[in-house]
Every structure is written in structure tokens, then in C-alpha cells.
Amino acid sequence: MAEKAGELMKIQPRRSWGRTVAFLLMLAPMTMFVLVLVNLILNSIPVVTEIGLGAVFSTRFSSFLSGEVYMPGRLGLYPAMWGTFMVAVEALIITVPVSLAMAIFAQEFTLGGMGRWMESLLALFAGIPPIIYAMLSLFFAKSFIGPLLMGADLPDGAIYDVPGITGENFGMAANLNNLLGGIFLSMLVIPFMAPLILDALRSVPASLKEASYGLGANRWFTLLRVSLPSALPGIVVAVSLGLLKVIGDVIISIWTMGYGRNGMPNPLFDVFERTSPLSSTGAGLVRALAGAVGMTMQQKAVAYFSAFLLLVMAFAILGLASVLQRRLQRRWAK
Amino acid sequence: MKIALREEKKTKAAAVPETADISGGALAVIVPALSLVTALSALLFMGLLLVDKSYDAYSLHMLGWLCGALLLLFLDVYRQHRRWDWRVALIGVLAIGSLLARLALPEYFSALQLNAAIHRSVVSMITLAVSALPGLSVSLYYLLGANPEAEDVSRYPLILTPIVLTLALYLVLMAQLFASGLTDVNWRVLTESYANHALTARTLIAGDWPTWETVRVLRIGILNHIAGTGLLMLLTTLISLPVGAGAGVFLSEYGKNTFGKVARFCVTSLRAISVFVLSLAAFSLAHIADGTPLENLFHGARFDGWAYQPTPGGSYLVASIVLSMLVIPVIARATEEGIRSLPQELREGSLALGASEDHTLLRIILPWSLPNIITGVLLGCIEAAGSVAVLLLIAGRGEFGVGIFKQVTSLAFLILDTYYGDPMFLEYMKGAQHFAGVLLLFITLSLGLITMFSRRWLTRRFRGGV
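Just so you know, the protein sequences line up as chains A and B, in that order.
Reminder that position 325 of the first sequence reads as 325 in the working numbering, one-by-one numbering, no gaps.
With the second sequence counted from 1, adding 1000 to any position gets you the working numbering.
Bear in mind the hints are in silico, worked out from the structure with no lab data behind them.
We put the beta carbon where it would ideally sit given N, CA and C, even for glycine.
One or more of the hints may lead you astray.
[What the hints assert, rightly or not] Below, a sample of chain B positions facing chain A; criterion: calculated Cβ distance under 8 Å: (1) 1166; (2) 1280; (3) 1284; (4) 1412; (5) 1416.
[Said to hold, decoys possible] Quick look at which bits of chain B chain A covers, simulated, 3 or more residues with Cβ under 8 Å: (6) 1148 to 1158; (7) 1356 to 1363.
[Stated by the list, open to error] Chain A side only, calculated, beta carbon under 7 Å to chain B, not exhaustive: (8) 25; (9) 97; (10) 109; (11) 283.
Sequences and hints are given; from them, build the entire structure.
Okay, here's the thing in C-alpha cells:
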């Protein structure tokens, strides 16, 4: 009797095929992600087994592109990692103030209705693909840097011939340098980062701001002491996402910073030298060698290993950002 | 608690009445106005330096003038208020800083012998901006009467200058692109598809055996690149729309358990991995079936007159699968946002009327989130049209037609190819390279405009104007 009552009481959930379909569809991106990871790791195993990490973490890199003879030991990625770091710092210095100014202009310090226009303009610019910015960098070289360079004698480090990109293609000689890359990567990132910061500013509770105004504070004081600290967790995440875009980009890096580099820049922080980042070094290795010469397993492994390093960097940045975000949120909650 | 205490301290400090006797007379207007004009002209010179390096000779003079004006302002403000606060200190620091820069810059340039012009101009620009912008803001503050409203107004230069400079950079460069692209407009190029290869053709001469001879095909045009862009957008949407929407539904409806957390981590990580990783993934995917009969499908086949041969690159299918890795997180996020904005009453009302879970999903939840999904799809189309990194290692020139199992190509890749390809290709495409850029920009910008303007209409259509 009791058994029967228990059976009756058991609520049978109706079979839901929506749940099953959604689950199956969810498996697809998860599989993709796992496969991408496995692919990277499997292909970069020869770096440890055949080349040795010591050779990869050195400053000696023969680019194979400028007519150099291939030398087995010369696959060091330190210059490329340094290039990634420098470009990331340059892009941060440019993007963070500009994106902050744009977000503040769109939300707090609107001049009439111009803040709204700013927002639409950013949404429009956000769709411009990187290849267009890469093209624009040539025009930049002609119209902004070009006049600056006229008649100036450049040091040896400033002009490089990268096969495939001859001087004529670039109009004003090869202006391949790290700063150019920083500027154009920031142009790519600003329309992406500013709306995120704007969202963070929007999510500040109105009650906080109203309390501040009610106590007699002006707009600037409210922005500095109330809105920005309260939006800081969101801003940190926005900046980290922008940073991921900067270090991962290939096309703009190839056009503005070239393929690879042997030895560190001298002086170390010389932004006018061509110090190409990890992404374009790896992509250049594969692209230049895949078709024409046929690549050796070592070069392929180094290309995959550079992608693996990028992935590790990206996860480190994301993790750091989320830890920072949590701590900031907790501080504000207190 | 600590913060509250600190705030209390601050309010106490603010409660001390300021010695606000603005009895400066005419000087209180003239001096700030003078420094305002000086700072403005310094900024103007900074802008000129961007265009022409020969102005960097004047930057030293501008620094000197700026130093003088700021020093005057410093003395005048101190005379009026007779007290130290951070503004007065800032003016003093700026004045002394610009004086030091004025004195040190020539020494710096002559001592370093660096790449002369570019280095000198950049350093002068930065020095001018660093001293002129805060100077402008502070002098505006004192000119307007040194009250809280004046402070708000005086911050506009600080906010507007970076915005104006950045937008000017965007607009000037894009105008140049348009100018050079529109002079390239060439209808013949637009209506032909590119081909440059040798074919083995069978020719029949009457009364003789059929003979085989090699025919060279050369057509110059970008029609196949345009069609390829369209096909790429279509395929990517077809793959990523169901998967992305399904993933979004799963994450927001059924994703509260551990598996949901893992799934969310995977989708977030797909957003985070760089496009370079994806370009290598595409390379690997194209080579996955080497040596098997499926090789042609992954590599993209070409017909050379005898048989189908695999190309060294990858097919549209490979490219769109990898592109959908970029697009799926976008659509999933958009779907999630749409579902999150669904009012709880609608869902509960549907369930209360006896509708099943599936019925609620199909008739209530999905229609409600449709505007967001469509926006996500449009954003994904923009991504697919403009992405080169994924195609970087697998794309070709589309000489053998456009189809799912042909070698992939697109407008965006054409632009890369015209600069990095072989010299002959560059010669052929000389008239089309900037035009392709303008076309791509036109496609992406119009898709962006459609996204912006369709949102309101879609909301009215699917949410009853909420």
C-alpha cells in the first residue's frame, strides 16, 4: 500500500527533447575547444623532445625569410615574446585613456546629444575588420609618419626588407616598427573596449550617483570618487579582453611589425625598431614555409609552440583579471 | 567600515569653508585667459606636428611660452587664494616641468643623435601634450571663477582632446582609403572572376585523332572573391546559428549544474583564444585527412583537365567550421542576454496555462530572444566577412570556382594577397587592391548599420514594442 502511494507520488518529469537538443548542441563548441587545445599541444611536443626548450627560449632566431641559411638551433622566441610585451604595453597606454574618455563622454560628460552619437559611431567602428586597419597603416605611413621621415636619416635598425613586402608596396619605405603596430592595434581595440567600459559605467547604481549629487558634489567629483571606483571591476575585465585582442592579432602585426627577429632590440625599449610579436612570428613561419619550401617539422613545432605560449598568456591575463575583479567587487561591497 | 571612516574624514575636511575672496580684479581674468590662449596654441602646434615635422622647431618656443604663462598663473592663483591645494601644486609642477623640458630637450636631442626627425617630433609632441592639456584645464577653471561648475566645464578639454585626435585619425585614414579606392573602380574587374592557370584541354580536329594541349587561362577580376565572401558568411551562419543558439539556451536554461559550469568555461575560453590559434587550427583541420579519399573535401579540389587534385589550402567548409568557433560564442552570448531579459511573468504564465517545457521554449523563450539572436548573427557575418587570420594559412585565389568543397578565398584575403602575393599577381590586381578594401569596408559598415537600425524594428516585431 505504502509502496503504491510512493509510486503515485513520484512526479515523472515529462520527456523534454528541448533539453536533449540543447545539450547536444552544447557539446559542439566544447568539442571544438578541446580539439583546438589537443591540436596545439600535440603539435608542439617536438619542441620539448627534438629542439629542446633551451633553443626555443633564446634570443637567436633566424627568420628563414631574408635569405638566411637555415640553422637548426636558431629558433629562439625571446625577441618575439618581448615584442608581444612591448606592443601590449603600448596598446594599453593608448587604449585605456582614449576608451575611458570615450565612455565618459558617452555617458557622463555628454555635450548635448553628442554622447549618443559617440556610442553609435563606436558600434559602427567595432565592425571594421583588422585587414582594413592594416591597409590604413600604409596610409598612415604615407600621410603622418611619412612627412616626419622626409629628409631624416634613419639608423640601420629602422628599415628592413622583408621578402614579400618590398619597399615599393609600402610607399614610404618599410616603416615596420613596433610603435606603428601599437598604434594600429589600439585602433582595432578602442571601438571594442570603449563600449565595454561604457557598459561598466552604465551599471553603476543610480542611487549611488544621486546620493553623491545630493550631497553637493559636482559631476567630476562624482565620476572620480563614485562612478569610476564602482565601475572598476567591469573596467578591469574590459581592459583584459582588449589586451587579449592585442596579443592575439595576426594581420595587423604582420603588416606593421613583420615576421620575426633575431636578437633583442637595442636599447631594450626602442619602439622604433621592428620587434615583431609572437603571433606574427608564428604565422609568418607557417605561411612563408607552407607553400614554397615545405617546412621542416621543427619550424612547424615552433609555430604551434608560439600559439601555445599565446594561449597560456591569454589564460593568465583572464585569470588575473577575474581575480582582480572579484577582489575589487568585494572591496566595494564592504 | 574603513572606507566609511575615510569618507567621514573627507566630508569634515570639505566642511571647512574656503577662503573664497576672489578679489583679484582684472588680473584674475587676464592671467588665466593668457595661459588659456598659450595652452590652446601649444595644443594646436602639437596637432601640426602630427602633419609636418618641420614644426618641431617651434615646439621649444611653445614650451617656453607655456612655462611663462603657467608661472604667471601660479603666482596669480596663490596671490588670490593664499592657500595650498593640489591645483596650485599642479600648476607649479607643470610650470617647472615645462621649463625643465624646454632646457633639457635640445641637449637630449643633440646628445643622443637618435633617428633624428621622427624621434624628436614624437618627444616634442608628447611633452607639449603633457604640459598643455592640464594647463588648459586648470586655466579654464580659474577663468570661469573657480567654482564646482567651472570644474565640470574645465574637464571637457581633458576628455575631448583624445577623442578628437582618435576620431580624426580614423576619419582621415578612412577618407584616404575611400579616395584611393574609388579611383580604382573598374566594372570589368568587378564582373570577372580571377583565373590564372594551365588547363589540359582536348581538341578535336576533324579527321584526326583527338589531341591534348595545354591551354593557359588568364582572367583578371574579383567576382569570385566577392562570391566567396558571401558563401563564407552563409556557411558560417548555417553552422553557428543552431549551435550558438542551442548553446545559449543550454547555458541559461539548463546550465546550473557542474556540467553547465564546464560548458560555460569552454565557451568563454573560445572567446578568449586568439585568432592566431584559430588560424593554426584551420591549417590542421585542412591537413587532417591527408592521404585518405576525403582529402579533396578538406583541401578543396581543383580540376586540372584530367582529374580532381587537392589544393595545398583548405575548403570553404574547413574555413567556415573554424570561423564558427569565433561566431558561436557571440551568438550564444546574445541568446543568453535575450533570455535573461524575458520577464518572469511570461514564462510563468505559459507554464501555468499547462504548456510543456518544450512548448514554452519554442513559443515564448525563443521568439522573445530572437532580436538578440539576429543581432548576434549579423555580428557573426561581419566577423566572417572580415576575418583573414583564419584564412591566412589555407586560402588561395579562388581560381577554380566557388563551392563548399573548393579552395577558400574572400575579399579580405584578397587584400592581404595583393600586398604579400607574388609580383605577377600584384601587377594584375594593381587596379583592384584598394577597391577591394573599400568594398569590404562597405559590406561590414552596412551590416553594422543594419544591425543598429534593425534592433528597434525587431524588438517591436517580436516583443510587442516593449
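So, going through the hints one by one against the coordinates:
1. 1166: holds (5 Å)
2. 1280: holds (5 Å)
3. 1284: holds (5 Å)
4. 1412: holds (5 Å)
5. 1416: Holds - the Cβ of residue 1416 of chain B comes within 8 Å of chain A, reaching about 6 Å at its closest.
6. 1148 to 1158: Holds: 7 residues of the segment 1148 to 1158 of chain B have a Cβ under 8 Å from chain A.
7. 1356 to 1363: Contact hint for the segment 1356 to 1363 of chain B vs chain A: holds, 5 residues under 8 Å.
8. 25: holds (3 Å)
9. 97: holds (6 Å)
10. 109: Where the cut-off is 7 Å and the nearest Cβ of chain B is about 5 Å from residue 109 of chain A, the hint holds.
11. 283: holds (6 Å)
Checked against the numbered hints above, the structure violates none of them.
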